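With the sequences and hints as input, model every part of the structure.
Read top to bottom, the protein sequences are chains A and B.
Just so we're aligned: the first sequence equals residues 1 to 344 in the working numbering.
Just so we're aligned: the second sequence equals residues 1 to 344 in the working numbering.
Careful: at least some of the hints might be erroneous.
If the Cβ cut is set under 7 Å, some of the chain B residues that face chain A in the computed set are [claimed, not checked]: (1) L90; (2) M94; (3) E98; (4) L108; (5) Q109; (6) P111; (7) F122; (8) S256; (9) T286; (10) E314.
Just so you know, these hints were derived from the structure itself, not from any lab.
Quick caveat: nothing in here was measured; it's all calculated off a predicted structure.
By construction, the Cβ of each residue, glycine as well, lies at the ideal position given by its N, Cα and C atoms.
There are 2 protein chains.
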Amino acid sequence: MASQPRPRIRDVAEVAGVSATTVSHVLNGKGRVDAATRARVTAAAERLGYRPNSNAKGLRSGRADTIGLLLPVGADLEQAHHVLAVEFYLTLAMNTVEAAFEHDQALLQLPPLRGLDDLRRFSVDGGIVVDPLPLDTRVAMFNELGVPVVTIGRDILRTQDPWWVAADSAGSTGMVLDHLAEAGARRIAMLSVDIGWSWFADAQQTYREWAGRRGIEPILVLARPDKLESSAVAAAAEVLDHRPDAVYVPPQWLASGLLRVARERGVDVPGDLLVSVGVDSHLARTSEPPLTAVDLDPASTARQAVDLLIHRIEGGEPAGPRLIPTTLHSRASSLRTPGAAHRP
Amino acid sequence: MASQPRPRIRDVAEVAGVSATTVSHVLNGKGRVDAATRARVTAAAERLGYRPNSNAKGLRSGRADTIGLLLPVGADLEQAHHVLAVEFYLTLAMNTVEAAFEHDQALLQLPPLRGLDDLRRFSVDGGIVVDPLPLDTRVAMFNELGVPVVTIGRDILRTQDPWWVAADSAGSTGMVLDHLAEAGARRIAMLSVDIGWSWFADAQQTYREWAGRRGIEPILVLARPDKLESSAVAAAAEVLDHRPDAVYVPPQWLASGLLRVARERGVDVPGDLLVSVGVDSHLARTSEPPLTAVDLDPASTARQAVDLLIHRIEGGEPAGPRLIPTTLHSRASSLRTPGAAHRP
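Have a look at this one:
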């Protein structure tokens, strides 16, 4: 750049030796920062001539200082097969807003894009596309217009694209399967969904490999992604027909259907059947029994995505995909009670 | 205005005699519009010289063509007492995005505002504040900066403010109480939360008045809005100590705790206790038993709020508060089975 770029909140943070969040707190008078740090931040801000930006007046930088977020949900949430992951998406969205704010960026929530003209209507420096489908058309639109884009979740067919952040699905799946096996399960099935998001695709592949290494025939049932209730129940019935002693359910919305069908058939969870679900939620925590679940850390995912996008907007080299580590919360649904009835 | 305002999508819609959505579909080539309508829209757009705007380049209009949305949730969703209303908030947010889009407005998702400087960082023509607290400070910030604002939910202490849209809480409460009474309930309690949002405040007042008209002593238990799980369980236990035969639970997050405590005490729902909840959700629909719930119509609420805000931005007179009608979905939790055990 010919002209000096104007200082950003991160520059102040670096000079003051604190986090961007701390700078934000000090400059906005939030008041939980000790006096010494506060003085250091103020001095750094003054020295650099830092000024908070206004999102639509990026005149000095020639930028809109605005990034766009594209969730995979539209206005008609009730019809969406991901309805039960709402807690995940809302946490992701709110953390994206806060992370953008700490980077002096405003966050535009974009509507479902029906064509390039839709995207052209928004002045964004870059976009975050959540849960890309294979060869996702939304990503293609950003690329077509030359607007930097990163995805949360990997586009499984764009194998050369390094610009993504995703929870570690393969690692999570291995962790869950090992956990179920250690709890005594011998016939572990997977109940998932027929949709090409990397969270599901990687879980399926890992499951097949895991079963293959043990010489076990995989029991994999994929629900149709439409007709929420009926396909959940149909898929749950189909997987239980295989008489598994454990089921890993990567998509959260299928778990309640599985519990219901199991109850109707007199299959006790966890006595007869261990269950683990792929996306943690309040529902998983308060279900009867509480469900073992993978915590995808949507907060870190959002923050890493904003960080990666800004790196890309600023012309950085690909910093490689970023895999977000997950945590398995072990709850009653996968804890075999000593002395409980086992299937033969 | 001295200069001719540039035509907006609504102007095209009016001239073509179709909805803004149809105009948007035609101009973006979505393709589910018949040829005659398509031709009419295209002709209208050409005649008016309509051009889609770019959110951050409101040079012609002197406006940012951007509105801000402030949800009552921050990044740390798990700690929030409204965690179970996530489906409502996400539906509200996505419908706000789409409604804004149809009005040629981009939607900025605003972070929690800690002070005026936070708000100054965003160039928005107006803001929508969701679920204002009494004398809400976020609303005060917009007023202080002279930025038009509307609220979703009423600020119960700003009684002179006509700029709000809200689901009809009083009407919904009356509808639920009448429904429970018609199902045979004689000791109807309310389990709610101690927070000053109009949805809850109006429900409580309506309940007291309803009970007063019948000469019934109200049984009203308010949970603390913090410590999600423990306060839900404590409040549920307290309300059941009163041995009601029905409970109306305006805040969605208290319903699952009530069901759990009832189960532990051997109180059968609906045999011994009818239950109705105030905010419909997938959880309510798939609960065991499925819960009678009020559908707040977040889609209409969002659209009315965007409409009202744009009216205010354009200098319109107060068009009065807008009450959104609700629908009661009657499910198993409030249907007294013939012959089932009744409490004395």
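Note to self: A closest beta-carbon separation below 7 Å is what the hint needs, so does B/E314 meet it against chain A?
What the structure shows: Status violated, d = 18 Å.
Check: Is the interface hint for B/E98 satisfied, with its Cβ closer than 7 Å to some Cβ of chain A?
Finding: OK, holds: B/E98 within 7 Å of chain A, min 5 Å.
Checklist line | Status of the B/T286 interface restraint (C-beta, 7 Å, chain A) | finding: B/T286 check passes; min Cβ-Cβ to chain A is 5 Å, inside 7 Å.
Checklist line | Interface hint compliance - B/P111 to chain A, C-beta minimum distance less than 7 Å | finding: holds (4 Å)
Next item on the list: Against chain A, run the beta carbon of B/F122 and see if the smallest gap drops under 7 Å.
Entry: holds (5 Å)
Checklist line | Cut-off 7 Å, beta-carbon criterion: hint that B/M94 touches chain A | finding: Holds, about 5 Å.
Notebook entry, point to check: Does the nearest C-beta of chain A fall within a distance shorter than 7 Å of the C-beta of B/L108?
Noted result: holds (5 Å)
Check: Would the stated hint for B/Q109 survive a check requiring a Cβ distance to chain A of less than 7 Å?
Finding: Constraint on B/Q109 satisfied, holds at 5 Å.
Check: Can B/S256 be said to touch chain A, with a Cβ gap under 7 Å?
Finding: holds (5 Å)
Checklist line | Restraint check, 7 Å cut-off on beta carbons, for B/L90 near chain A | finding: Since the shortest Cβ distance to chain A is 5 Å, the answer is holds.
Checked against the numbered hints given earlier, this structure breaks only hint 10.
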